[in-house]
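Asks: This is what each chain is made of:
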Amino acid sequence: MSSTFSDETRARLEVDAKEIIARYPRERSALLPLLHLVQAEEGFVSSAGIEFCAEQLGLTAAEVTAVATFYTMYKRRPAGEYHVGVCTNTLCAVMGGDEIFASLKEHLGIGNDETTEDGKVSLEHVECNAACDFAPVVMVNWEFFDNQTPDSAKKLVDDLRLGKDVVPTRGPDRLCTWKEASRVLAGFSDGRGAEGTQAGEPSLTGLRLARERGWTAPDPDRLPAAPAETDEEGGA
Amino acid sequence: MSTSTTLTPVLSANWDRPDSFTLESYRSTGGYEALRKALQMEPDALVDLVKNSGLRGRGGAGFPTGMKWSFLPKDNPNPRYLVVNADESEPGTCKDIPLMMANPHVLVEGVAIASYAIKSSHAFIYVRGEVLHVIRRLKHAVAEAYEAGLLGTNILGTGFDLDVVVHAGAGAYICGEETALLDSLEGYRGQPRLKPPFPAVAGLYASPTVVNNVESIASVPSIVANGIEWFTAMGTEKSAGFGFFSLSGHVTRPGQYEAPLGITLRELLDMAGGIRAGHELKFWTPGGSSTPIFTDEHLDTPLDFESVGAAGSMLGTRALQIFDETTCVVRAVGRWIAFYAHESCGKCTPCREGNYWMVQVLDRLENGEGTEADLDKLLDICDNLLGRSFCALGDGATSPVMSSIKYFRQEYIDHLEQGGCPFDHAKSTVWGGDR
Ligand SMILES: Cc1cc2nc3c(=O)[nH]c(=O)nc-3n(C[C@H](O)[C@H](O)[C@H](O)COP(=O)(O)O)c2cc1C
Ligand code: SF4
Ligand code: FES
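Protein sequence lines, in the order shown, are assigned to chains E and B.
When you line the first sequence up against our numbering, it's residues 1 to 236, in that order.
When you line the second sequence up against our numbering, it's residues 1001 to 1435, in that order.
Don't take every hint at face value.
[What the hints assert, rightly or not] FRET-style restraints, in silico, Cβ to Cβ:
| no. | chain 1 | residue 1 | chain 2 | residue 2 | range |
| --- | --- | --- | --- | --- | --- |
| 1 | E | T216 | B | A1148 | 21 to 31 Å |
| 2 | E | E117 | B | H1342 | 21 to 31 Å |
| 3 | E | V15 | B | K1119 | 27 to 37 Å |
| 4 | E | K18 | B | R1036 | 32 to 42 Å |
| 5 | B | E1147 | E | E117 | 40 to 50 Å |
| 6 | E | D118 | B | R1036 | 52 to 62 Å |
| 7 | E | G191 | B | K1406 | 49 to 59 Å |
It should be emphasised that the hints constitute simulated quantities derived from the structure, not laboratory data.
Computed from a predicted structure; not experimentally measured.
We treat Cβ as the ideally placed atom computed from N, Cα and C, and that holds for glycine.
Given these sequences and hints, build the entire structure.
Replies: Right, dumping it as structure tokens:
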């Protein structure tokens, strides 16, 4: 049956679900992480996944569906092992995101929200991913691939399909799969939080300039006299 | 204008240490000393301190942070909650994400101080889901803090207890709106609630709740450590302190510039090496796509809440998206409106329908298929949106449309006269600038 999980799967996921639910003062707050959890199991949110979430929280399948369909990160069809998101919000689009998206569609022979036949790569255009100073930005399984070009993006998806090692610009030492990523979103650590760089170059530009020029925030022990203190003089 | 404004790295001061995100590194630069100090103060004294510092919300609206904390009703017996808004999705805004990636502990320390000040023992950090490594970093920092007795029970032996939960969203810009965020955190569709009641009175689980932006909360430890005079030595009288100015787009060195409020774009561009070589400034957003665009007329407008407002826009999130003369303003606006149409939660008609229609009209105009009457139609739709939509998402959508027609009406008309876009989009790309 496709509309429910097997007993084995359910038993395993119930343990995780209990842990998720225990994090919150009220059960229902666990719904978003539970949806990430079932997506981690199947690569998308299936009717079996919806049913499972509903059971855990004492909700109807309709109530869970209403929530699942509201959020763009929950997929209704299986995503690829590597889900590629190209930012085409204004800033990235102008800086080249549109060209990148067009060339990936052509290169992979798929459209928006579609998956390659080998199931390796799915493609989607995404909204601003809070990395505009690294434009144009591409996300793979929600890891940052900064400062992309059409060529670098094509090489990226080729490498993904060939199973080569691919390392995000700002992320862990190795890219995890879509399902593994969903499990992190459900709140289960994969132990990789300390991997990778602390900051990309644009994040450091201001700081580097400040260091070069000797600029700092005021020294709290040597503050300039506050204007209020000179009031008396000014009035005299 | 004097060009004496300099950068003032505070939250970013340790970012060039490769291990900046670890507890050990953070502590070696004085981290968690502010928490120690705060826990020796009365909670109300902390609220007063933050109030008197003049810190205003860094999430866009600029509401005084200490005042927000003081609104929690004293007589409500329900538990109180602190919710950190880490949804950062306003187009152009890109400060909280690098902050949490490089320095998650300054946020965790801020959460601990703020929770103690408002007498909360349960805090949530609601992070947008599309930033996996930032979520890992935050969870790593929270785990380190628990381990070190900086979170959990009996923090630093003071009897103060605090649990912190990192919660991942699932892709929806509207969940950055504070009441939609609360609905989402309660496990519902993220749709805004009617205000009042404000979250301070009936927030998470209908309990008294403070919702603050990441940068607001992360600024608190430095204020506690260094004092009010230190904080107000930066910024202007009504816009005190420092903040991130995020430069993106056609600038030589895009990135994060932490500076006193009131710095100008001219000064920032100077620091960023100017507009990319061979090009000139055309238009920019002072604080994300929801703030009316500016042009080169506004290079000397002090970037503080009052001055930007007086010049017809909003300081917003200090997301300076910068576009040079190769950029088609009609295309830029059309893309932003497509975003608002996509992200409209559908709860109210003006926003749901208005954005849908604006997309149709802007598409026509961009392809040179519209008429001049379409410009009036756009302004008409904006009229029906502005002040009439249920939340600020709808209001925000009118900003790019109205301001672009104000400054670049002729460019819309050029599209009509030429029967299409007069720009070569390839020239505005990173690799096409020299063509
Ligand atoms: C559509 C919309 C999106 C928003 N997105 C964010 C966001 O991502 N982060 C944020 O801090 N505030 C966002 N806000 C503002 C919040 O509603 C709220 O004012 C803010 O979190 C309060 O924090 P502050 O006082 O510390 O700035 C958004 C508002 C709207 C209307
Ligand atoms: S203005 Fe838009 S986003 Fe806000 S409630 Fe109305 S439909 Fe939803
Ligand atoms: S517009 Fe692409 S990351 Fe902001």
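Asks: All hints, please: hold or fail.
Replies: Verification of the supplied hints:
no.: 1; hint: T216/E to A1148/B: 21 to 31 Å; result: 28 Å, holds
no.: 2; hint: E117/E to H1342/B: 21 to 31 Å; result: 28 Å, holds
no.: 3; hint: V15/E to K1119/B: 27 to 37 Å; result: 35 Å, holds
no.: 4; hint: K18/E to R1036/B: 32 to 42 Å; result: 36 Å, holds
no.: 5; hint: E1147/B to E117/E: 40 to 50 Å; result: 47 Å, holds
no.: 6; hint: D118/E to R1036/B: 52 to 62 Å; result: 56 Å, holds
no.: 7; hint: G191/E to K1406/B: 49 to 59 Å; result: 53 Å, holds
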